[in-house]
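The primary structure of each chain is shown beneath.
Number of protein chains: 2
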Amino acid sequence: MVRWEPGATDRLRVAALELYVQQGYEQTTVGEIAKSVGLTERTFFRHFADKREVLFDGEDLLQHAFVAAVAAAPPGSAPLEVVAAALASTAQHLEERRPWSRKRNQVIAANQPLKERELLKLASLTAAIAEAFRQRGVPDPAAALAAETCVTVFAVAFGQWIADGETRSLATVERDILAEFKQLMTALETAEP
Amino acid sequence: MVRWEPGATDRLRVAALELYVQQGYEQTTVGEIAKSVGLTERTFFRHFADKREVLFDGEDLLQHAFVAAVAAAPPGSAPLEVVAAALASTAQHLEERRPWSRKRNQVIAANQPLKERELLKLASLTAAIAEAFRQRGVPDPAAALAAETCVTVFAVAFGQWIADGETRSLATVERDILAEFKQLMTALETAEP
DNA sequence: AGGTTGATGTCAGTGCCTGACATCAACCAC
DNA sequence: GTGGTTGATGTCAGGCACTGACATCAACCT
Numbered sequence: 238m239v240r241w242e243p244g245a246t247d248r249l250r251v252a253a254l255e256l257y258v259q260q261g262y263e264q265t266t267v268g269e270i271a272k273s274v275g276l277t278e279r280t281f282f283r284h285f286a287d288k289r290e291v292l293f294d295g296e297d298l299l300q301h302a303f304v305a306a307v308a309a310a311p312p313g314s315a316p317l318e319v320v321a322a323a324l325a326s327t328a329q330h331l332e333e334r335r336p337w338s339r340k341r342n343q344v345i346a347a348n349q350p351l352k353e354r355e356l357l358k359l360a361s362l363t364a365a366i367a368e369a370f371r372q373r374g375v376p377d378p379a380a381a382l383a384a385e386t387c388v389t390v391f392a393v394a395f396g397q398w399i400a401d402g403e404t405r406s407l408a409t410v411e412r413d414i415l416a417e418f419k420q421l422m423t424a425l426e427t428a429e430p
Numbered sequence: 238m239v240r241w242e243p244g245a246t247d248r249l250r251v252a253a254l255e256l257y258v259q260q261g262y263e264q265t266t267v268g269e270i271a272k273s274v275g276l277t278e279r280t281f282f283r284h285f286a287d288k289r290e291v292l293f294d295g296e297d298l299l300q301h302a303f304v305a306a307v308a309a310a311p312p313g314s315a316p317l318e319v320v321a322a323a324l325a326s327t328a329q330h331l332e333e334r335r336p337w338s339r340k341r342n343q344v345i346a347a348n349q350p351l352k353e354r355e356l357l358k359l360a361s362l363t364a365a366i367a368e369a370f371r372q373r374g375v376p377d378p379a380a381a382l383a384a385e386t387c388v389t390v391f392a393v394a395f396g397q398w399i400a401d402g403e404t405r406s407l408a409t410v411e412r413d414i415l416a417e418f419k420q421l422m423t424a425l426e427t428a429e430p
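Chains A and B, in that order, are what the protein sequence lines are.
To convert, count from 1 in the first sequence and add 237; that's my numbering.
To convert, count from 1 in the second sequence and add 237; that's my numbering.
Check each hint, because a few of them may be wrong.
Where chains are identical, the list cannot tell them apart; a pair therefore holds if satisfied intra-copy or between any two copies.
Dumping the calculated DSS-like pairs for lysine-lysine here, alpha-carbon to alpha-carbon at most 25 Å [claimed, not checked]:
| # | residue 1 | residue 2 |
| --- | --- | --- |
| 1 | LYS419 | LYS340 |
| 2 | LYS272 | LYS358 |
| 3 | LYS272 | LYS288 |
| 4 | LYS419 | LYS272 |
| 5 | LYS340 | LYS272 |
| 6 | LYS352 | LYS419 |
| 7 | LYS419 | LYS288 |
| 8 | LYS288 | LYS358 |
| 9 | LYS288 | LYS352 |
| 10 | LYS288 | LYS340 |
What the hints contain is simulated information worked out from the structure, not anything from laboratory work.
In this text, all values refer to a predicted model and were calculated from it rather than measured experimentally.
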């Protein structure tokens with residue numbers, strides 16, 4: 238006989254997103270989320286540090302993938318080549334979850350506290366990638382700038398990837414954004430009007 | 238006869254930073270800040286949206302300066318030239334406040350909720366600059382990338398500017414970081430070991 | 001059989017933040 | 001000047017996020 242239903246963490250994740258979508262983040266109380274899956278508010282806080290973290294605690298997987306990709310690039314590669322390779326190899330982690338990403342992103346975009354948490358996660362990602370570059374022997378500030386470039390391209394591309402009507406793969410959008418970025422950093426004149 | 242001491246907002250700002258420095262952000266209650274300048278907790282929340290905002294509500298000045306600088310650049314300038322000009326013209330807003338910036342930054346760096354708010358402010362700055370580029374006729378995603386570049390250089394340079402032992406001006410550090418960024422985006426090989 | 005583990009429940013409490021209403025000096029209109 | 005208005009502040013009640021301390025009890029181990 239099971240004393241508790243298994244997978245409490247996952248059930249809380251699913252229920253939270255659903256309630257945030259249906260009735261809004263602010264209007265949803267933690268007790269409500271917990272009760273909807275047969276748990277108490279106190280137990281929610283044993284699974285997640287706070288009310289926001291329930292939407293973000295899977296991000297370390299993506300972070301590990303980026304760090305591993307940067308570490309795995311062939312020695313002697315230019316930082317920008319490493320960035321391109323890391324973007325290409327991590328895109329698959331999200332490719333199959335576009336509908337879920339859209340749903341989640343809509344909730345985050347509508348609530349300032351959630352935006353703040355997302356930005357913190359991106360900053361953490363940037364810091365981890367910068368450290369991976371330093372491990373490759375790239376000195377600061379180049380390591381920091383390479384990491385910022387990587388996350389900027391990822392974030393801009395991700396925003397386009399989940400836009401209405403966008404059908405290209407994340408990897409493709411990332412490639413195009415990175416190309417445009419390179420061009421921007423070398424162009425001396427704007428396109429004539 | 239004055240019913241209230243004037244400058245309540247400023248007094249709260251000063252008292253808050255002082256208390257955050259002396260006894261830590263978490264250990265300081267809003268009631269404590271307010272009481273230390275002869276006001277009540279309720280009044281604090283009439284001047285600032287929340288406990289964090291008291292450290293950040295001056296940032297719109299910087300944002301306006303960046304937007305104005307982008308708008309004021311000569312027509313036909315390459316986006317990167319505009320970025321360089323905006324960085325140069327806004328640096329003066331901080332040049333004279335390095336000790337204060339160091340003090341404030343130490344508090345922010347030590348507390349996750351404050352880091353989150355700072356990142357949100359930087360994201361807001363990025364969005365405003367991107368909009369200013371669009372007003373110049375720069376299309377997306379170039380406008381977004383130019384804005385990200387501007388804020389990235391500013392943030393990296395600012396971090397170096399307040400580092401221990403750093404004596405160069407903010408404008409100088411920004412120029413150097415931007416130059417390194419350009420080089421990174423065009424270099425094909427890492428420097429030989 | 002008995003002890004341990006670990007996820008959960010219960011309860012009390014703190015601090016952030018808000019809405020509603022009261023106060024009262026300064027200011028303005030006539 | 002009398003009287004009404006304004007606006008910054010105080011007071012009070014309350015909701016919700018989050019935490020520490022302690023209890024519970026099936027599963028598991030010895």
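Evaluated hints:
Taking identical chains as interchangeable, the C-alpha atoms of LYS419 and LYS340 are never at most 25 Å apart, the minima being 31 Å within one chain and 37 Å between chains. For a Cα distance limit of 25 Å, the shortest separation of LYS272 from LYS358 qualifies neither inside one copy, at 28 Å, nor across copies, at 35 Å. Taking the shortest Cα distances, LYS272 and LYS288 sit within 25 Å of each other inside one copy (14 Å), while across copies they are farther apart (30 Å). In this assembly of identical chains, the alpha carbons of LYS419 and LYS272 never lie at most 25 Å apart, being 51 Å within a copy and 54 Å across copies at closest.
When the C-alpha separation of LYS340 and LYS272 is checked against a cutoff of 25 Å, the pair qualifies only within one copy, where the shortest distance is 23 Å, while the shortest distance between copies is 44 Å. Taking CA atoms no more than 25 Å apart as the test, LYS352 paired with LYS419 passes in neither setting, with 28 Å inside one copy and 30 Å between copies. For a Cα distance limit of 25 Å, the shortest separation of LYS419 from LYS288 qualifies neither inside one copy, at 39 Å, nor across copies, at 41 Å. With identical chains, the CA atoms of LYS288 and LYS358 are at most 25 Å apart both within one copy (15 Å) and between copies (22 Å).
Within a single copy, LYS288 and LYS352 get their C-alpha atoms as close as 13 Å, and across copies as close as 18 Å, so both meet the 25 Å cut-off. For a Cα distance limit of 25 Å, the shortest separation of LYS288 from LYS340 inside one copy, 18 Å, qualifies, whereas the shortest one across copies, 30 Å, does not.
Violated hints for the displayed structure, listed by number in ascending order: 1, 2, 4, 6, 7.
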